[in-house]
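In the order they appear, the protein sequences are chains C and B. Residues 5 to 81 (the working numbering) make up the first sequence, in order. Residues 6 to 652 (the working numbering) make up the second sequence, in order.
Rather than coming from a laboratory, the hints here were simulated on the basis of the structure. Hints may be right or wrong, so weigh each one.
[To be verified] What follows is a set of in silico ranges between Cβ atoms, one per label pair, in the way DEER data are often shown:
hint	chain 1	residue 1	chain 2	residue 2	range
1	B	E73	C	K78	37 to 45 Å
2	B	T356	C	K77	30 to 38 Å
3	B	L224	C	K78	21 to 29 Å
4	B	K141	C	K77	32 to 40 Å
5	C	K13	B	M6	32 to 40 Å
6	C	R8	B	K627	39 to 47 Å
7	C	E39	B	K444	28 to 36 Å
8	B	G408	C	K77	51 to 59 Å
9	C	K77	B	H228	27 to 35 Å
These numbers come from a predicted model, not from an experiment. Glycine included, every Cβ here is placed at the ideal spot set by N, Cα and C.
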Amino acid sequence: MDVRLSDCKIGEEIEISKIEDGAIATKLIEMGLTEKLITQIVLVAPLGDPIAIDINGFILSIRKSEAYHVIVKKIKP
Amino acid sequence: MKIALLGNPNTGKSSVFNLLTGMRQKVGNFPGVTVEKKTGVFYDGNQSVEIIDFPGTYSLNPRSLDEEEVSKVLKDENNTDYPDLILAVIDSSRIENNLFLFTQLYDLGLPMVLVLNMWDLAKKQGVNIDLDKLQKSFPDVTIITTNARVGIGKDRIIEAIRTPKKRNNTRFIKKEENPEENTPNFERKIVELRKKRIQELTSSFVKKEKTQKTSRLDLLFVHPLWGYLFFLMVLMVIFQFIFSFASYPMNWIESSFLSLSEFTANTFPSGIINDLISQGIVPGIGGVFIFIPQIALLFFFIAILEETGYLSRVVFIMDRIMRPLGLNGKSIVPLISSLACAIPGVMSTRTISNWKERLITILIAPLMSCSARIPVYTLLIALVIPEGYVMGFINVQGLVLFGLYLLGIIGALLTAFVLKLLIKNKSKGFLLLELPNLKAPVWRNVGFTVLEKIKIFVFDAGKIILAISIVLWFMASYGPRDKIEKSSQSLMQSEHYQKAAPEDQQSLKSSVMLEHSYIGYLGKFIEPAIEPLGYDWKMGISLITSFAAREVFVGSLSTIYAVHDEREEKQQLRETMKKEKREDGTLTYTFASGISLMVFYVFAMQCMSTVAVVKRETQSWKWPIIQMAFMGVMAYAFALLTFLILS
Numbered sequence: 005m006d007v008r009l010s011d012c013k014i015g016e017e018i019e020i021s022k023i024e025d026g027a028i029a030t031k032l033i034e035m036g037l038t039e040k041l042i043t044q045i046v047l048v049a050p051l052g053d054p055i056a057i058d059i060n061g062f063i064l065s066i067r068k069s070e071a072y073h074v075i076v077k078k079i080k081p
Numbered sequence: 006m007k008i009a010l011l012g013n014p015n016t017g018k019s020s021v022f023n024l025l026t027g028m029r030q031k032v033g034n035f036p037g038v039t040v041e042k043k044t045g046v047f048y049d050g051n052q053s054v055e056i057i058d059f060p061g062t063y064s065l066n067p068r069s070l071d072e073e074e075v076s077k078v079l080k081d082e083n084n085t086d087y088p089d090l091i092l093a094v095i096d097s098s099r100i101e102n103n104l105f106l107f108t109q110l111y112d113l114g115l116p117m118v119l120v121l122n123m124w125d126l127a128k129k130q131g132v133n134i135d136l137d138k139l140q141k142s143f144p145d146v147t148i149i150t151t152n153a154r155v156g157i158g159k160d161r162i163i164e165a166i167r168t169p170k171k172r173n174n175t176r177f178i179k180k181e182e183n184p185e186e187n188t189p190n191f192e193r194k195i196v197e198l199r200k201k202r203i204q205e206l207t208s209s210f211v212k213k214e215k216t217q218k219t220s221r222l223d224l225l226f227v228h229p230l231w232g233y234l235f236f237l238m239v240l241m242v243i244f245q246f247i248f249s250f251a252s253y254p255m256n257w258i259e260s261s262f263l264s265l266s267e268f269t270a271n272t273f274p275s276g277i278i279n280d281l282i283s284q285g286i287v288p289g290i291g292g293v294f295i296f297i298p299q300i301a302l303l304f305f306f307i308a309i310l311e312e313t314g315y316l317s318r319v320v321f322i323m324d325r326i327m328r329p330l331g332l333n334g335k336s337i338v339p340l341i342s343s344l345a346c347a348i349p350g351v352m353s354t355r356t357i358s359n360w361k362e363r364l365i366t367i368l369i370a371p372l373m374s375c376s377a378r379i380p381v382y383t384l385l386i387a388l389v390i391p392e393g394y395v396m397g398f399i400n401v402q403g404l405v406l407f408g409l410y411l412l413g414i415i416g417a418l419l420t421a422f423v424l425k426l427l428i429k430n431k432s433k434g435f436l437l438l439e440l441p442n443l444k445a446p447v448w449r450n451v452g453f454t455v456l457e458k459i460k461i462f463v464f465d466a467g468k469i470i471l472a473i474s475i476v477l478w479f480m481a482s483y484g485p486r487d488k489i490e491k492s493s494q495s496l497m498q499s500e501h502y503q504k505a506a507p508e509d510q511q512s513l514k515s516s517v518m519l520e521h522s523y524i525g526y527l528g529k530f531i532e533p534a535i536e537p538l539g540y541d542w543k544m545g546i547s548l549i550t551s552f553a554a555r556e557v558f559v560g561s562l563s564t565i566y567a568v569h570d571e572r573e574e575k576q577q578l579r580e581t582m583k584k585e586k587r588e589d590g591t592l593t594y595t596f597a598s599g600i601s602l603m604v605f606y607v608f609a610m611q612c613m614s615t616v617a618v619v620k621r622e623t624q625s626w627k628w629p630i631i632q633m634a635f636m637g638v639m640a641y642a643f644a645l646l647t648f649l650i651l652s
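Whole structure, please, built from the sequences with the hints as guidance.
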């Protein structure tokens, strides 16, 4: 089932299925958020925003407004 | 030969740079932009090699001012900084991610050396790279491994640079493979193609044995309660050090420059040149040097926080709180630094990539009450606030001091909010922040950062500070000639003067001189403007002279009130000021005018050094002038309001 990355919880194993077109879509891909990447949210800031995800050992922090445009599939809850 | 050093942030690029060049480095700007350009020189035998340390970047498709400059230089063969060779640094443990920039650089066709840095760390983390296979994919690039943090690999780098491989027009992505330009989403398609190709490649030669887990420290650093408490503790430690340790070298610098002025005044023949040197230039240079201890200490701590990777955790937990004010998580460091001194504060805004967020941070930083306001606050509080306690245990004077700090912080945050609405935004603010691995700082890098910041301050801001001090000195020492002579003659004939002791006579003379100097007339000229705030021309003079630096306020008042005893200066000044009366017989320093003056100092931009630094950081006079104007309006309006309410 496709959900938005901004709606995922910390520690859920997810696979990126699509990054919606937008101003920073290209930037996200450059930083390693590519389709089929298996990842998870590893840190969440107080107040729930921003979040940090693990891209093969590279920890990237993004705001929820950016995570909203990342569509993911949950693998394991 | 000219070498460009390029790589992602947090790859140990600056370690490589410091390792190669040592002390032979200088900081400047790329022509016409604020982007910092670090150049260094090292010697290979007799041959000198120039190396440019470009800002860390993730891609040649620019996203910030820094990255724009990188791609501009590398795409223009006629640019003065166009390199003969590219030295690309990669964090081996994140090779897949780092290869993105590397392959972009590879496709530029320049001779290249690839440095696989943090080689040992990668092995420890279970990342095994098959070097032979990597070499086969990029046959015309020299590939070496280093551990620059611990100083290993310098010889290998120099060796590789000496005999670079010739490039054979090979490309990672061939020109004809690129999607057609100007088709929808073509930029994204290029990036996706490159990423996909890298993934295919790395899967053939990189083996990952284990996946990392989030460190326990990280869970503490971003904890909703402990995270903020820990940050608060770090801040308290830093401020304790700055306040308690910086004062020793500052006193030492101050007294040496005082002796130096006295020495020049007494040694050389008296006259205008002597006065210019001993009263204008030497104190002016002293006024620059006095800030070095605070700048050095502050950047020492900030460099440690940055080197260890903790700073990005702070940005992570502060971002959401700062955002509604038009600020960035990264604004927190400059703002807190400004509580010590706005100069290093403004200088540390460089890390904010979004121009609007950086500009707002620079503009509000001087509203945070800095340490130079403390002498002014304490003198005025002692003067108009009675000693005593509220609710039996809260010291009233301390409460007022706290209130002044709070007023500054609230003023800064509200101003940020207003500026956010006023300043036009070119690009939408976003946060793409890497949280690098936590690690021990490399002391050599910390040392170089501190040196670099001191150099920038002394040479760039120092020039302007010196110039303004000379102007202020001139205006305070000279005035319309006949008026000075007339007034000093009438003073000498007065009974009051003739009865006074010799040292009192000297002070009375200086007081009259200042009153009739250009600044004195300026003080009287602005009196009608500051009268509604409850001030007289004497305070006007002090307001003008303290534009050099706020703490000059106290010294100027001492001169005007002819206070001469240095040891008892503050107490004597306070007593004199307490008795001071207006022409109509009422007290000059009342509760209302005292508080109004304090409020004025909370908001007014009474610091030429900050003006100079803001000019340097924004590369134009536009923003420091706007900043002075709105801070002046705020100071005047709130001081007026305070006086009207209280009197």
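Quick rundown of the hints versus the structure:
1. B:E73 with C:K78: 37 to 45 Å: Cβ of B:E73 to Cβ of C:K78: about 38 Å, so the range 37 to 45 Å holds.
2. B:T356 with C:K77: 30 to 38 Å: Holds: the Cβ-Cβ distance is about 35 Å, inside 30 to 38 Å.
3. B:L224 with C:K78: 21 to 29 Å: 23 Å, holds
4. B:K141 with C:K77: 32 to 40 Å: 35 Å, holds
5. C:K13 with B:M6: 32 to 40 Å: Given about 54 Å between the Cβ atoms, the range is violated.
6. C:R8 with B:K627: 39 to 47 Å: Because 42 Å falls inside the window, the suggested range holds.
7. C:E39 with B:K444: 28 to 36 Å: With Cβ atoms ~32 Å apart, the hint holds.
8. B:G408 with C:K77: 51 to 59 Å: Between B:G408 and C:K77, where Cβ atoms are some 55 Å apart, the hint holds.
9. C:K77 with B:H228: 27 to 35 Å: 30 Å, holds
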